[in-house]
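Trainee: Below, each chain spelled out in residue letters.
Protein chains: 2
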Amino acid sequence: MLIVSFSCSKNKTSDAKEDSNSQHPKLILTAQGVKAIRTNLGSIPIFDNTLEMVKAEIDAEIEAGIDVPIPKDYSGGYTHSRHKRNWFVLQKAGVLYQILDDEKYAKYVKDMLMQYEAMYKTLPLHPKTRSYARGKLFWQCLNDSNWLVYVSQAYDCIYNYLSEQERNKLETNLFRPFADHISVDSPQFYQRVHNHSTWGNAAVGMIGLVMNDQELIDRALYGIKDLKLDTKEKDDDGGFLNKDGKAGFLANIEEPFSPDGYYNEGPYYQRYAMYPFLVFAEGLQNVKPELKIFEYKKGVLLKSINALLNLSDANGDFFPLNDGQKGMSYYNSALVTAVDVTYHYGDQDSGLLSIATAQDQVLLDDSGLAVALGIKNGLAKPFNKKSINLSDGPKGKQGGVAILRNENIDLVFKYASQGSSHGHYDKLSYSLYEKGEEILQDYGLARFVNIEQKGGGNYLKENKTWAKQTIAHNTVTQNEMAHFNGKYEIGSQHHSVLNYFSSDNENIQVASAKESNAYPGTEMLRTMAIIKNEDFEKPYMLDIMKVTSNKANQYDFPYYFLGQVIQTNFEYKTPEVLKPLGSKNGYQHLFVEATVKAKNKNSKFTWMNNRKFYSLSTVTTNKDELLFTRIGANDPEFNLRRDPALLLRRKNTKNTIFVSVIEAHGSYSPVSESAANSKSSIKELKVVYNDETYTAIKITHINGNSKLFITSNTNTSKETPHKLVINSKNYEWSGSYYFK
Amino acid sequence: MLIVSFSCSKNKTSDAKEDSNSQHPKLILTAQGVKAIRTNLGSIPIFDNTLEMVKAEIDAEIEAGIDVPIPKDYSGGYTHSRHKRNWFVLQKAGVLYQILDDEKYAKYVKDMLMQYEAMYKTLPLHPKTRSYARGKLFWQCLNDSNWLVYVSQAYDCIYNYLSEQERNKLETNLFRPFADHISVDSPQFYQRVHNHSTWGNAAVGMIGLVMNDQELIDRALYGIKDLKLDTKEKDDDGGFLNKDGKAGFLANIEEPFSPDGYYNEGPYYQRYAMYPFLVFAEGLQNVKPELKIFEYKKGVLLKSINALLNLSDANGDFFPLNDGQKGMSYYNSALVTAVDVTYHYGDQDSGLLSIATAQDQVLLDDSGLAVALGIKNGLAKPFNKKSINLSDGPKGKQGGVAILRNENIDLVFKYASQGSSHGHYDKLSYSLYEKGEEILQDYGLARFVNIEQKGGGNYLKENKTWAKQTIAHNTVTQNEMAHFNGKYEIGSQHHSVLNYFSSDNENIQVASAKESNAYPGTEMLRTMAIIKNEDFEKPYMLDIMKVTSNKANQYDFPYYFLGQVIQTNFEYKTPEVLKPLGSKNGYQHLFVEATVKAKNKNSKFTWMNNRKFYSLSTVTTNKDELLFTRIGANDPEFNLRRDPALLLRRKNTKNTIFVSVIEAHGSYSPVSESAANSKSSIKELKVVYNDETYTAIKITHINGNSKLFITSNTNTSKETPHKLVINSKNYEWSGSYYFK
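Sequences listed follow chains A and B, in order.
Sequential numbering from 1 applies to the first sequence in the working numbering.
Sequential numbering from 1 applies to the second sequence in the working numbering.
It cannot be assumed that every hint is accurate.
Some chain B residues near chain A, calculated using beta-carbon distances under 8 Å [stated by the list, open to error]:
id: 1; residue: Ser329
id: 2; residue: Val577
id: 3; residue: Phe591
id: 4; residue: Asp635
id: 5; residue: Phe638
id: 6; residue: Arg642
id: 7; residue: Ser678
Which stretches of chain B does chain A cover? Using the computed rule of at least three CB atoms under 8 Å from a CB of chain A, they are [stated by the list, open to error]:
id: 8; region: 451-457
id: 9; region: 562-572
Just so you know, the hints here were simulated from the structure itself, not pulled from any lab data.
On a predicted model such as this, the values are computed, not experimentally measured, just so you know.
Glycine is no exception: its CB is placed at the ideal position from the N, C-alpha and C atoms.
Chain A on its own, in the form it takes in the complex (with noise of 0.2 Å):
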């Protein structure tokens, strides 16, 4: 790599000895790259619309003048929201004198420092007192970490700017001081593996390295030296201070992240804690590049923003697995860093240059160059998502969550461990869209963002007895209990288990895992496929949930669709009052709509949804239950959605298994007043054989075709031949499915 010493600074106080340590900018911006940004300006046309833009930003900013309140307020008062937004007027700033080499913004910057310094030498704890690790600025360490990862940014931008003298002053009364609050001063907050830690690592260290003060880094990269905690208290969300021990970004990056890039939070809670891991992975790049911390742990970092981009749907929504917001998304600007940073240090991958095109903004700095040359160059292509099967776990052993995909059905399959504070009990859950359109839902959280009306914007507690629920996800629930007894301690132990995945074949789709401790003496295996069949307009979905149990259980199995109900084959009766269906675990938050035993060998279920039809065909027997239920019940501020469910009930069985196909099929218009294939194309869905080793499903279309899927329930690998006998005919295969 080519260093080219640049400066732009007429206040400059160092010179052209200097080695690359001691140049300025070099942290996210550097000198080469401001050199080749101010070439290219005014030719790359969404690096010019997104400077002009900033640019307007900041000058309304100026204009308006600096306020550097006394803090006082939480989130969404107005201390909070100044110093927030300070702290990203700082960084565009910063940015803005080196592109521009405009001394205004320069000052700027140092004179709103200046005011953080007078203020923050006699700074006490911040009022409030709600968090478990209070900041000084903000009521939370994490906010204050939050201004020191960009602040560091806009310090480094007018370094060579400011005088030895002004240097040492914001070091002494500012920065350190800072860095050492949130870090050896909040020990609980700093000392741990935790997204809230990554801030404060990325915060240390950044500021460590625009100090160049080794010690800093240390701190960052490993954590406070000789420091131990103890690894039994819990923080505000219910998860564990410092479980193990570790500490450090090292460490933060070592255990979220699975081998394939898999966050164990899920994906929303990886969009939040992205910026500080790439934010300050681009600094150490930069400044101390024998690290090569974008090949640590195999290149983890931007191998989890591809799983992440994967993890979302056509529109670009992120799956809203565990704790997650539906709605957001890759526009969301920590993705811009993500896209752009992956392009940049990663292999030049043309697919993100299209979501950058989507995303209509890049970085001001050298990886948003790069990206902007290339889209300049015409060289974006559609980033095509593809089956994938990300394993969870630091080493890639605690399960994880598969995608199948095909045409425009999108199937998630969640066989992963806890997720942390914000995992959810719902062990071989999954949700099933339709070109970014939910078929079936993932209830996401119970959770108002920053609307402070709706509990200050706060997890709301139908968050803790609605969302994270077993009974709220599409799976199995067992004798009205959730998973792990919805014990976080429990859950954190156990994982479930992959059993086979197999995208080999374009036209069919399978993963299948199994969950042996959710429900202790109860074992689940789900086999799920997606199947691309031209009898069928569009793939289907194939589920098969095999239970065994060493007792008798009740059984729940949930269809949480969405939209209006078009037709059933079962006659229901529909109550005159609606009652809740249970008392607790999330039972007491369903109305009971209406109540049928099933009396087919198949129960059919048709609905339509934003003028599309979907239809359910599950096997039941004359023993079953079927419910429609809403959620509601129990709901005293309204802050549920009224989402209606089809739910299975088996009573008082032991071994049992749950056959379903859902299809997508036709549409309806309002305009022409027309429904084209309304109706499913289901004749029949038979369990065929069931046994320790097999499970075999023949699906029977209309038209008389039909087809057999035969699942391996335990020798799975790829090569074993297998040989069946059903109803006498010979059946051989090799690898984990067949399907003829």
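Given chain A's structure and the hints, the job is docking chain B onto it.
Mentor: Chain B in isolation, oriented as in the chain A frame:
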């Protein structure tokens, strides 16, 4: 008008001596038009594209072969669908023959017509007996009439291609008996004022024009000569068969359209009815220009299209007044006809060209050519919908519908007559929209049109028990009874009366109307305004409902909001079990989700829908009750949507006033997780004066600014000067209202 003698048929049996009446085509396409179309082909993109699409469609039909099955099915069944398809195919093939001058299309039309001739001459009544007026090809005369409206166009196109002998055969065995069956043989269908009869009239008239048969033309225009029907009989929908003996096409124009062009059943049925009105009028204009049909009743036919287009929201969806299915819009093919014909035969309004551009297709005839040329020549301008007051009733004396618009807010205020058999009991009701999204909804109809699984696609019983009921609408229900006690015979005798309408001031649009008959002894005067005031982010709605009664009643006043509850200033209680609010008149369909006694002088409620915030502020006393309700009780087949409402209940009250403001404000982004302007800006809403003559409302913004709105309850002429003292202060103004 220049008549160009033009003929393209090789087999033509007539010659240039013929007058214009014996030239063909002459009905919709004209000989002159065909010449102009051929000249322009290839240089008029929207026309060329439509032509290409139609050609591909018809070529495929020709390839597939002709099928003219013996009639046997209801709608949805094969023979029904096939004959319906045939009428479109014949009409299009005829047009292709003329435009492309390719005999294969003429031959195809001739061959199919001959098959119809062969079948029809011995065809009995359709075997299905459900209709009050059975057809022969279809189960109801209505569909037979649809067929003839289209097929007469096809016959016109190939008229000169046929030999005289062939024409005689078709006319004698098919067209004349066909016209007789739907008219003289089915007077209960034909001889009335109703959209069904309009189709019948048009069918008879159009074939009459092609055949140059004055008797048929007269029968079409004036009804069956010397025939009087029983005026008390009813049809399948409960409408009177022939209340006052009027019949024929002119009577069908006279009765349902007001002088402003409002169609008495509302836009959904107007859209359905418009095709025969316009296409027959087009034929009359071309063949009998001396009738000046487009000037009939001061040009009401084309005025009605302007009214219809104004009865749509920002997306072009028609407001679902009376029985109206949501999503029906000006993208419906009948509106392609409406827009093109109105442009061509009207005054070439360039706004229509922008709608035609959005429709992305034109008629393949003279009017479609005119539109295509207009678009090609860059004449298209936006179609600006403005505030408009549309009178109802044949003479415009039966109330009306007012639409108040400002920026993106549309208020639809209905003070019309009953609206025939498709009318709802919704006097003085309204619905409110922002940019095509519902803020406060009108439920529309309870029907899944043409979705066979839901009651055959027909009206569901909940249409009567819920959708038509007063409590289903945003208006006052007294003593849990529907307006007119839900009796069509009574409702049909009355209508509301305009108090005043004012849209002169761009910032304040007001409509005020009175209803004296819905509840005998009770008078309701509602004044609604959309007010743009710079203190507020968006225009807000002010609603003043003044109720005067000769006895104490219970008044229920619902707000059918959509979305999620964000905040209230009242502490409601939610019940453990949901019970219906009542047992009849629609109340049996509402579950009570929460209740509370009002405590504040203003009750306030903020909700969020589609990422935007809305707030209601309403004047209450501590005797008022507030209830959150949800539709869905006593709905044994899930025919109703589970939509919420907030219901204000005032018991044991004689005279009263409901005063409310609805604000649209702010937004929420799940991508940036930020909420903007999420709270109401109203500090106080206060009735400062209220008597028989005037009502004055003071609206105070949270910034302290306040406005006074005074409405005149009686003397509302624009010129009248008014004087009023409120709290010792003098107010003087002229006109219907005061706002300052």
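Trainee: Each hint needs a verdict: does it hold in this structure or not?
Mentor: These are the hints, each one checked on the structure:
1. Ser329: Since chain A brings a Cβ to about 6 Å from Ser329 of chain B, closer than 8 Å, the hint holds.
2. Val577: At about 5 Å, which falls below the 8 Å cut-off, the nearest Cβ of chain A leaves the hint on Val577 of chain B intact, so it holds.
3. Phe591: With a closest approach of 7 Å, the Phe591 of chain B hint holds.
4. Asp635: holds, 7 Å
5. Phe638: holds, 4 Å
6. Arg642: It holds, given that the least Cβ distance between Arg642 of chain B and chain A is near 6 Å, below 8 Å.
7. Ser678: holds, 6 Å
8. 451-457: The restraint on the region 451-457 of chain B holds, since 5 of its residues have a Cβ under 8 Å from chain A and three suffice.
9. 562-572: holds (count 4)
The structure is consistent with each of the numbered hints, conforming to all of them.
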